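Visitor: Residue numbers (my numbering), protein chains in the order written: chain B, 1 to 308; chain Y, 1 to 253.
Honestly, I wouldn't trust all of these hints.
Only part of the chain Y face toward chain B is listed, based on derived beta-carbon distances under 8 angstroms [claimed, not checked]:
(1) Leu93
(2) Ala95
(3) Pro96
(4) Val97
(5) Ala99
(6) Gly163
(7) Glu165
(8) Lys252
The hints are simulated quantities; they were obtained by calculation from the structure and are not laboratory data.
Just so we're clear, the structure is a prediction, and the values are computed from it rather than from any experiment.
All residues carry an ideal CB built from backbone N, CA and C; glycine is no exception.
Chain residues, written in single-letter form:
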Amino acid sequence: MQPIISVSDVSKTYATGHVALRTINLDIREGEIFALLGPNGAGKTTLIGIICGLINPSSGHITVAGHDIVRNYRTVRSMIGLVPQELSTEMFETVFATTAYTRGLFGKPKNSAFVEKVLRDLSLWDKKDSRIMALSGGMKRRVLIAKALVHEPRILFLDEPTAGVDVELRKDMWNVIRRLRDDGVTVILTTHYIEEAEEMADRIGVITKGELIVVQEKHELMRKLGKKQLVLELQKPLDAIPAALQKHALELAPTGTSLTFTYDTQAERTGITALLADMREAGIGFKDLATSQSSLEDIFVDLVRQSR
Amino acid sequence: MNFQAVRAIYGFEMARWGRTLTQSVVSPVLSTSLYFVVFGTAIGSRIAEVDGIAYGAFIVPGLIMMMLLTESTTNSAFGIYFRRFTGTIYELLSAPVSAFEITLGYVGAAATKSVILGLIILATASLFVPIHIAHPFWMLAFLVLTAVTFSLFGFIIGVWADGFEKLQIVPMLFLMPLTFLGGTFYSIKMLPPFWQTIALFNPIVYLINGFRWSFYEISDVNVAVSLGMTLCFLSVCLVVIWWIFKTGYRLKP
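This is chain Y alone, in the form it adopts within the complex (with noise of 0.2 angstroms):
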């Protein structure tokens, strides 16, 4: 195990986060923050409560699941992706270091930072609503491995863009779509019932609804369904990248 590269390329990335962070954290701190402000406090005290919680609260954890989401994956994307585009890749490649280390390390440090964001945001929203976490250990269960395997789809994604469009595509296109239809505004019993068995087919409503029973002890659907959800995910995106520097899929001609 090559300790120092990981050491080295998570603390690279992490630098390159520092630089950046007006764009990395103020940002999506920000706009998360004018969820809650328009959502939750301007529209939310005129919604009635869902499943006994305040609207306002109700949409926390799914707010910062989103940002979870899209952070993640843009992040991870970019990282990996920056290499390839300009050609530094070729170290990475030539370094001796495997696959896993190469992974654990740009990985490693995407999730930090989402964790690191999803915590501060967490914080931003209990300035606004009042927040109760009924299961802390859960509640930092699920966003860690949601950041780690939205790190890892994110990886992916990087290897596989061949132009900074496609590494857009894929968060505004798939991502956001499905998070706003995953529940994070409303609970999906809220749905006609043709809709509600289209939505258990969106994967993202597991890790919301899994993330706000941490919270509120409520869910929409079992909450080790969206456990077993989650890890299976987190399974292919593995796979694929385990694939990936197998075959040198994109790295290697």
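Just chain B, same shape as in the assembly (with noise of 0.2 angstroms):
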């Protein structure tokens, strides 16, 4: 199946020097719900920017369902909806006008029943006379999706589209998004928390330091991704670790107070029921216990480790 966006050898150097994206090469295809994850200044945004039009890219050239950005922006343009990162609204405009423009701006014919629906979908409808100013940030947040679907695209970008967001309307922006996906809109959304992207993703693009480490299927990086730490503070000093223990991935702390064990969340069995039972038997008493995730610093590390 030909994929509805095709990145092809897209860089970008700014005019300042600083080089946003190495050579990135992406296929999105039709209809997934595609999460690009990185850190902060990882070059999610200019990627983004570079496919809807905003920033010129230094190299390289994009298609998108077939047509090429530049020379039928008209056709490429029409079928993209874009939530920006920022909370940039218009100030004094109420939020139906607003919407309404977005819709004529992209060449749509007026259609109150339509924007109506859109409003009401993303519960604004209540607020349509607002001014925009007046609204709360997740109001706003709101506002700027419905203009983004306003239009009737076919793909959605969204970038960090919970970026300080309260818990209930990042659920509600979940099922906003799993409805959309429903209707066979594709959608890519870039974020930099590793559970966002679990719980929303059909695939996973991994991007760090301008360049795309890594994509693939969720279940298959989750696998990847999914290690995690229990860290077990004792309650006397250990020289080494005991015989019985050894056929657990130990780890001893050089000054013996503590082990470490690491294990798979996505593993059938973790093997802390073992290992605790291995210790109670061995007569080692801990005080205390943590576990960690692996920062999704350590986990980039690791995948450019691994990828090399």
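Put the two chains together into one complex; each comes in its own frame, and the hints tell you how they fit.
Guide: Rendered as structure tokens:
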């Protein structure tokens, strides 16, 4: 099947000399939810900006549904909706007016009924006559989504849709995204939360320092990313890991006061129960325990190492 | 051609105008009327006729022109600058609209507002001083042409400015002095010969004189040259805007 978006050899160096994107190649499949996962400053927003026509690439080319984004910009852009990361909204306009304006800007004839439907779907209808500057941050985010959807796009870009958004709205947002996918809209979202990518995406691309390190099905990637550590603070220091515990993936701290057990959260058995049972039998007591997920940074370092 | 988009931008800009009628209509009309009262009626009655025209009537075309230049420039500049300032320019850049359509929407709206203002002020002026329009067609032509030209100019300023200060600087430090020195309140023939020559380098002299000619058939310069200069400035602005969109100057990194 032809990819709906095809990014070929795209790079971007800003006038300041900052290299935002090295050579990026990426295909997005029609109808999928694709998450672009990476830390701040990785190049996520630059990549989205280039596809949507906000930023000129330094090299490379992009097609959307087979159309070149520069030559056939009208066809391409009318298919795309963009929700920016910043809460960039008008201030004095009403919610309804600004949403209807965007529909016109994208070349669609007036359709108050459709605008109403979009606003209702996003629980904005009772705010339709409010000035945007009077809305809360979460509401402004919804307005931006309404504006991105009001011209009935086939592809939706969401740049950090849940940054600075409360839990309730985040759940709402996820539901909206799922509903869109059910309607056949292709969704590309950026995030720096692994959980968000895990919750939403069909496929995940990991980007850092302007490079797309890995693009994989979510389940496959989560297996790689799903490592966790259990740290046990011991009651009495140990000189070495006792023979009875050798079969577990343990690491003894140099001070001998704590043991670190690394396990896979996606595995059928984590091995924690067996470890604790063995410890009790060996008479090793612990006074505290903590689990931690490897940080995104650690994972990136890991992935970079694996990819080379 | 994306007519829906042009209509949306135009409608949006006109609605912005409608919300701020006090600031955008009442204030320029009031300040220009004060000029009529002070210079036209109060002081004007003690000033001799210029080229056979009563002083109060003589300054009307210049005053309208002065307001037209300032309002076209600031209005158009503010419209596009505010988009850049709030970040909502992203929407315009990601929409299926061409540079021509964006310009048409913004400049068309700014020029419409200025022309309406110009006509309101003309009507107000006629309450204070007797006005005679010899060539209504050319009067309207100069009005529209100047409004469009300086709305284009304002659009460029709005793209160029990177702060509210710069947005104000051009109309205040550049347009205002040039208009005052451009013969709003006098015929440049009243100047010493040396300054007459200098005045001929001021493009606004041509705008004011062309416009004044359409009223009273008097002009310090050839009217054809006036028209030519206006069209020339219009073309320069069009080329600059074409270049802005071609290179993405200050719009697209």
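Visitor: Was the hint right that Y:Gly163 lines chain B, CB cutoff 8 angstroms?
Guide: violated (18 angstroms)
Visitor: Answer holds if the nearest beta-carbon of chain B is closer than 8 angstroms to that of Y:Ala99; otherwise answer violated.
Guide: Cβ of Y:Ala99 sits 11 angstroms from chain B, so the hint is violated.
Visitor: Just to be careful: measuring from the Cβ of Y:Leu93 to every Cβ in chain B, is the smallest value less than 8 angstroms?
Guide: Result: holds, 5 angstroms to nearest chain B Cβ.
Visitor: Can you verify the interface hint for Y:Pro96: is its Cβ closer than 8 angstroms to any Cβ in chain B?
Guide: holds (4 angstroms)
Visitor: Is the interface hint for Y:Glu165 satisfied, with its Cβ closer than 8 angstroms to some Cβ of chain B?
Guide: violated (20 angstroms)
Visitor: Taking the least C-beta to C-beta distance, is Y:Val97 closer than 8 angstroms to chain B?
Guide: Given a least distance of 7 angstroms, the restraint on Y:Val97 holds.
Visitor: Go through the hint on Y:Ala95 and say holds or violated, using the shortest Cβ distance to chain B against 8 angstroms.
Guide: holds (5 angstroms)
Visitor: Do the numbers back the hint for Y:Lys252, that is, is its least Cβ distance to chain B under 8 angstroms?
Guide: Where the cut-off is 8 angstroms and the nearest Cβ of chain B is about 5 angstroms from Y:Lys252, the hint holds.
In terms of the numbered hints stated before, the structure departs from hints 5, 6 and 7, listed from lowest to highest.
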